[in-house]
Each structure stands twice: as C-alpha cells, then as structure tokens.
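Make a model of the complete structure from these sequences and hints.
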Amino acid sequence: MVFDSFDIKSLIRPVIDFPKPGVIFRDITPLFQSPTALRLVMDSFAHRYVEADFTHIGAMDARGFLIGSILAYQLNKPLVLFRKQGKLPADVLAEGYQTEYGEAFLEVHADSLCEGDAVVMFDDLIATGGTLIAAGNLIRRMGARVHEAAAIIDLPELGGSQRLEDMGIPTFCLTQFALTDK
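Position 127 of the sequence shown, counting from 1, maps to 127 under our numbering, and the rest follow consecutively.
Among the hints, erroneous ones may be present.
Unchecked claim - With beta-carbon atoms standing in for the labels, derived distance ranges:
#1 K9 - P89: 35 to 45 Å
#2 H47 - A90: 30 to 40 Å
#3 D181 - K84: 20 to 30 Å
#4 N76 - T36: 36 to 46 Å
#5 A94 - K182: 32 to 42 Å
By construction, these hints were calculated from the structure, which means they are not laboratory data.
A quick note: this is a predicted structure, and the numbers were derived from the prediction, not measured.
Beta carbons: idealized from backbone N, C-alpha and C, even for Gly.
Structure (structure tokens):
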C-alpha cells in the first residue's frame, strides 16, 4: 500500500456542532470501519517506529486506545493506559489539564514506567494538546522520557503540536485539518 494513493481524510467524518455549537468534531470511526484504511494507518505508524529507540506505547483514553493497542501488539511493546479520572483500580498519578471544553484530569498507574523508559504517546488527534501534555508530564514524573507524540490528525490552528514541541516533545501526525475544513 502506498499512503499517497489513499486519502485517509475522506474517511474522517466531520460532525458539525459536536460536542457544542461551533465545533467540527473529527470522527475516525469510518476510518476504522475500512480494513484497508485501518491497515494503512497502523502500518504507517509501525514503519515509523519499528526501529525507533523507545520502550513503551502510551495510549490516551479513549480513541488512543484503539491505535495504541494495535501498535503495542505489532511492535511487541508494553502498553501504558492514560485514563480519565477514576477509571484505574490501583495507585495512580494524576495530572490536571485544560481541554478546549474545560478542565479535566488524566491518570496513569504509578508503577507503569520507571527511569530509563521511553514512550511514544498515541491519540486520535492533537487539538490543544492538553491530554498529551498531561501524559507527557506524568511520564516525566515517573522518571521516563517521551520519545514522540503521535496522532492520526493534527488541528494546527489550536496550537497543541506547537505546545508539545515547546515542551521538547516531538510530534508526528498522518494528516491535518484546518478548523474550517468540512
């Protein structure tokens, strides 16, 4: 498969005024319903990271779990789940962050990582970067480092990728949308 010959953007559904008026939500469900597109996306990420120097896959709640679990399997790496507050059963570390919709908290099991570990973080999209920034802070609090933050979609006008880069976290996205793209 050649990435340039397949337009994944056509399989990302815009949902107007969700979750609030004025927002265009980028729904990756149709992309996951296409076996060809799903394989293309996962193979693109796998090829990028197959020889990279990292130890763990970090997956953001909830759509990042879809990407992260497939890649952890493909690349034979441990999977670390970053969950919304109150979802993890053991001792956790928590980090507050701002989303485009308000304040939230991200948690991770406190024993997920240790000094010397390196993580590639996955989510479906980078908007304001709040979730990935919180995860990056949690990773660093455990003594590990972030290798890169990756997503299918970047919304560069919201500044998340730039905020991550400013923190010293490189980013990689397969495609991007302007806020007004439909």
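Against the structure, the hints:
| no. | hint | in the structure |
| --- | --- | --- |
| 1 | K9 - P89: 35 to 45 Å | holds (38 Å) |
| 2 | H47 - A90: 30 to 40 Å | holds (34 Å) |
| 3 | D181 - K84: 20 to 30 Å | holds (28 Å) |
| 4 | N76 - T36: 36 to 46 Å | violated (24 Å) |
| 5 | A94 - K182: 32 to 42 Å | holds (37 Å) |
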